[in-house]
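Colleague: One-letter residues, chain by chain:
There are 4 protein chains.
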Amino acid sequence: MKEPTFRPAPAPETFNPAEPAEFAPVNFASDNVTGVAPEILEAIVEANRPQGAWPYGNDDVTGGLNERFSELFDTEAIVYPVATGTAANALCLSLVAQPFNTVYCLKHSHTNEDEGGAPEFYTNGAKLVPVPAADGKMTAAALEAAIGEVGGGGARLPHVMEAAAVSIAQVTECGTVYSVDEVQDICAVARANGLFVHLDGARFANAVAALGCEPSEITWQAGIDLMSFGATKNGAMAAEAVLLFNEDLEETLSRRRMRGGHLFSKMRFVSAQLARYVEDGLWLQLAANANAMADRLAAGLAEIDEIAIEYPVDANMIFAALPGDIAERLRDAGFDFYDWGDPDRPNIRLVCAFNTDADDVDRFVEAARR
Amino acid sequence: MKEPTFRPAPAPETFNPAEPAEFAPVNFASDNVTGVAPEILEAIVEANRPQGAWPYGNDDVTGGLNERFSELFDTEAIVYPVATGTAANALCLSLVAQPFNTVYCLKHSHTNEDEGGAPEFYTNGAKLVPVPAADGKMTAAALEAAIGEVGGGGARLPHVMEAAAVSIAQVTECGTVYSVDEVQDICAVARANGLFVHLDGARFANAVAALGCEPSEITWQAGIDLMSFGATKNGAMAAEAVLLFNEDLEETLSRRRMRGGHLFSKMRFVSAQLARYVEDGLWLQLAANANAMADRLAAGLAEIDEIAIEYPVDANMIFAALPGDIAERLRDAGFDFYDWGDPDRPNIRLVCAFNTDADDVDRFVEAARR
Amino acid sequence: MKEPTFRPAPAPETFNPAEPAEFAPVNFASDNVTGVAPEILEAIVEANRPQGAWPYGNDDVTGGLNERFSELFDTEAIVYPVATGTAANALCLSLVAQPFNTVYCLKHSHTNEDEGGAPEFYTNGAKLVPVPAADGKMTAAALEAAIGEVGGGGARLPHVMEAAAVSIAQVTECGTVYSVDEVQDICAVARANGLFVHLDGARFANAVAALGCEPSEITWQAGIDLMSFGATKNGAMAAEAVLLFNEDLEETLSRRRMRGGHLFSKMRFVSAQLARYVEDGLWLQLAANANAMADRLAAGLAEIDEIAIEYPVDANMIFAALPGDIAERLRDAGFDFYDWGDPDRPNIRLVCAFNTDADDVDRFVEAARR
Amino acid sequence: MKEPTFRPAPAPETFNPAEPAEFAPVNFASDNVTGVAPEILEAIVEANRPQGAWPYGNDDVTGGLNERFSELFDTEAIVYPVATGTAANALCLSLVAQPFNTVYCLKHSHTNEDEGGAPEFYTNGAKLVPVPAADGKMTAAALEAAIGEVGGGGARLPHVMEAAAVSIAQVTECGTVYSVDEVQDICAVARANGLFVHLDGARFANAVAALGCEPSEITWQAGIDLMSFGATKNGAMAAEAVLLFNEDLEETLSRRRMRGGHLFSKMRFVSAQLARYVEDGLWLQLAANANAMADRLAAGLAEIDEIAIEYPVDANMIFAALPGDIAERLRDAGFDFYDWGDPDRPNIRLVCAFNTDADDVDRFVEAARR
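Residue numbers (our numbering), protein chains in the order written: chain A, 1 to 370; chain B, 371 to 740; chain C, 741 to 1110; chain D, 1111 to 1480.
Worth flagging that the hints you see were computed from the coordinates, not collected in a lab. Treat the hints with care, since some could be wrong.
As the list claims (entries may be wrong) - Computed footprint of chain B on chain A; a stretch qualifies when at least three of its residues, placed anywhere within it, have a C-beta under 8 Å from a C-beta of chain B: (1) 212-218; (2) 247-253; (3) 276-289; (4) 303-311; (5) 321-329.
As the list claims (entries may be wrong) - Sample of chain B residues at the chain A side, in silico, Cβ under 8 Å: (6) Thr404; (7) His632; (8) Pro693.
The beta-carbon is built from N, C-alpha and C at its ideal position, and this holds for glycine as well.
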């Protein structure tokens, strides 16, 4: 089991807004480089009823989300649509952590390292406390040890911030997927210590598709209290949801979303994405393609001696160590991806998406092999 | 010149998400009850290029916004797209006010009373200080008096929060429009006291269409430092911009937008709305219809003895005092609008939009007259 | 009934730390220009037991405060010592107002205009909403009107921040004192609207001494939920208390005080001041002198034709309008005080303290008369 | 080189305010269980001039602090008195880290684990990022590696919070003292990466006394930009200072201290402690006794086979692993101290203070030996 020790910021030329890098025809950089799935775009267009609708979520589409997600998760679920994963995560954490609380997470988790301080902002100063990871996953044992150390749920002195929650990502930032048992174990430790558990489900569809389980099994039945339900990376335009399984957590959410500037006046265009996304299993079909393509890609690369796959490829992400000249050759051939990890040991991240094409995957493997 | 003394929250039945009120066929409640203008919806669809694009604004459409807005405003303008007006306003204020600063505004301004504390949140605790209004407008004299009172730019004691900025809305919350001279006068007072001036331009298009001036005249040339440039109320789906005329203000904006959760991964879908909105004068055409319809509506109502128009109808909003039975009759006839103002003196707000139809306006007047 | 319309910051020369103004032998500028009452200084010295004590309030003196104040207030009272009035006020407000709440206060209240944004800081962004004042007092009627206007306890939309509390000062910033009835009436309106009531008691001793009532009558029996109990202005070195009459409000206080940096390791030196202050009626004796001296001073000044007393002199503060040459003459004679109010109508503030001397008062009046 | 892996909260009975534990006659729990050094108490009494003084630091004693500390540190130093170390640390960090910045520190540093979230509060949400420690010290190499990893000074994406500062403690939380070279090396890495360096000097006197160097050598000459200068643990009642060597950092400090509620009206009583503390070398004399007693204590314990000293005893703190029955025997003999560290390996912390008596030390060693 490994953990990335180094994760450099992308090269400056890639992210210079004044002079954006060329966008490669086949781009495995992230599932967020994609567009919108046709079904979802159609739902947006259809939501544009000429006569209008009540604003701020007082429309039919938004009004129907609770029921739709309650069916999907087989329990009373409460849905608040937002448009970015960072907003969903930060709002979720603000419901479970007061400013003088801590939240256990992983050092390289998105909440801790990739949200520009949004969790600290929305919680008004709560602290994210890293727990050691194995293959990008938190373990129940590591969580238990961390709680025992300092800042655990039983801290008595006001000097030591009191632990209030645990946050894990599913799919993880290393592309691995927690099993139902693993989530249950983490939640059991959390519950025994009075901690809420939040799930960052930016790629939740990929996890459910990979596990082949019911959404309920890997969430509230396992002990998850609330989650960020992502759709954007898997075919939506900009649609995520704060999803609560514990109705006690709802009390302040409406006001927190408002003061964060995330209450959309024409909310139905966000809600329509979410509604269509979970209709007729679309979300799992899209995720299944992404996962299958990653599987195909990993299988192809695994056969190349010079390439080592870094973590179990459980869903739609691959981390691969490979010689620099192979990376260069692939880029010359019109592919793109992010460098990731220790510069002394070239490492790339490849992400497949809802619309990744098998031919592109095969051509990539072939180009790597040559 | 009047100022609303009472502004009740909308009736509960109107805003019960569990059981949304029926949406009247012809609804003057707000310009945000509308859908998306066809041209803008088309631009969104076109932005969905199958091959994807770099995320987080590193795409061509977003990359071109600075140039596009710089042409429109005839100066170097810096554009950061967001998706709600509250986000735009709160981010703007966070650039000009530190946590121990004050910002002069009007009591009934959107920033002060309708954004759920977003300005306080994004500035980490700055204080909005109300200045008396006349017909919904701040006057240079009232601003000067307020600065002289307490908390002015020259406050020496740390006890008294230091003033840092002024924020005005154009179109105002009373539907009035500041003239170029009025904005210049306010900005002159602000500048003399070392204060930045922010413009809440949620309905900026309606103001420019009403004034018939260049966008530059009523903004940076008059002394505005930064503005919230709105598009959502005038035909976009969810697109606003933080627009800076003072490049010194940009330094922290990228990080502030990120930590607020307002950096969209598929940013091009927001940017495409803004780009199309200002292309070929679309924004002013849409606003011109809204203004013309409000004018027609106000003219019609003004002829009815029992109805009094409350403020100058400069743009697309009308506040009218009228007997309760007329309001009831109008609602029974299939029209809708918000109650607004002192309950002892029934008062309604009527807002026309980019797609308001002249026949509907005429039918409304007729129904009111009967 | 009047309200100050202008309150300039003190002249720069008075507050230039690099070159502090000379300190006049007889100084009526504020009761905080005084030193420490001998009894309280002695208590501090006595608290310095050579063998030490448990830190952070786990000492006997601090441990006994709850009982001592419970007796004084004839109810279960919870005491958290701090060292500044701003800390006490801001911590109190943080217990009753969430970041998306509003607190009704007066425009010229200390919390709103003289604490540099501490209330906004400690509440993480709650908004102070001014209610019109009469002679420096809030009235139940004005509070009721403000609640009815916007942002009242029943606000349904997340756009409008929800009211959570009322904060009044006793003695007021104009030197007036609320009667028991007046406090009861305000609290009745608050309670009917679900609002907590906070009392800023920086000069609480002066109010109780003036009213001649029991501390309980003017606080919890009248409906006050929590208060800042001040001692510094009335003879302590640096000692105030967050005082709770409602035990439900205690839950997060210990952690909020800690994260504000107000948990003293050698707490007993703060607690010893509070303990001695309320022992044997010392606090009321000290306040009685201050009040009596203000009364004597006001009576003397009232006889001078050119001088007008601005507000009822209920406790230890006098606001007087007087010609500029009188003020100048007084300063030349070795007295000092702050200018206060509209510069077009010279106005000064005179504050008497626990150690103000009758001879000094008489000499001041004589000097003013000449 | 070791690092504590476990640091339990003190036993509940020790910290139950309702029923404070008995205070042992000889108590090595912390240097904050002490009282006030006689010289400093005398200075407080002397500051109580009957005629009063201008408040808020506009008095002579406070006015003279800058000069006094400038002499002591042989450079232009700026001094802002406060009354707790947490306030000093949190205010310092708020000057160098914006809400979207990170600050490198140690996991078990006071700022990270013992200030109840004050750094996050005062910076409005900046993140403390732990760097691995050796014997309680940060190393330049570990800092460099952490910067290289993620969130370094050169981060380009707004997703990754930008590093702004490094914070180290001197004396460290393990009782070790950084050499001048070690501080220089850390500061060199910081400077090369555009980071400010803050020193938590809660026990700074003990460090200077131990190093026998000039205060300047181990601070600004080595690259320290600002520090928390502690006096409370070493004989003051409640006096610490925010001490700036970089005048650019002062701009917002006055307002930040105010809004934190740390501007004392009768400031001279805090300032008098600081002034006396650094007069005639008192601070170093007091620290020298504490260090000598710790040395004597460590030497005595080191001769006992069953006891192992955990870290170099550089100043006035000793961490000792010892069998549980010895700890019990010591407590029975009337000594007290905190348990510290892994419960499986009993470990205690012993802190000597300015007034620790050699006889008590010797009796402690003897009792441990028996």
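Colleague: Please go over all the hints and tell whether each is borne out by the structure.
Modeller: Status of the hints after comparison with the structure:
1. Coverage of the stretch 212-218 of chain A by chain B is violated in this model, with 0 residues showing a Cβ closer than 8 Å to a Cβ of that chain against a need of three.
2. Judged by the Cβ-Cβ criterion of 8 Å, the stretch 247-253 of chain A is not covered by chain B as claimed, because only 0 of its residues qualify and three are needed.
3. Beta-carbon proximity to chain B at under 8 Å applies to 0 residues in the stretch 276-289 of chain A; the threshold of 3 is not reached and the given coverage is violated.
4. Counting residues of the stretch 303-311 of chain A whose beta-carbon sits less than 8 Å from any beta-carbon of chain B gives 0, not enough to reach three: the coverage restraint is violated.
5. With 0 residues bearing a CB less than 8 Å from a CB of chain B, the stretch 321-329 of chain A misses the requirement of three and the coverage assertion fails.
6. For Thr404(B), the interface hint holds, since its Cβ comes within 8 Å of a Cβ in chain A; the closest pair sits about 5 Å apart.
7. With a least beta-carbon distance of about 7 Å to chain A, the hint placing His632(B) at the interface is held under the 8 Å criterion.
8. The closest approach between the C-beta of Pro693(B) and any C-beta of chain A is roughly 26 Å, which is over the 8 Å cut-off, so the hint fails.
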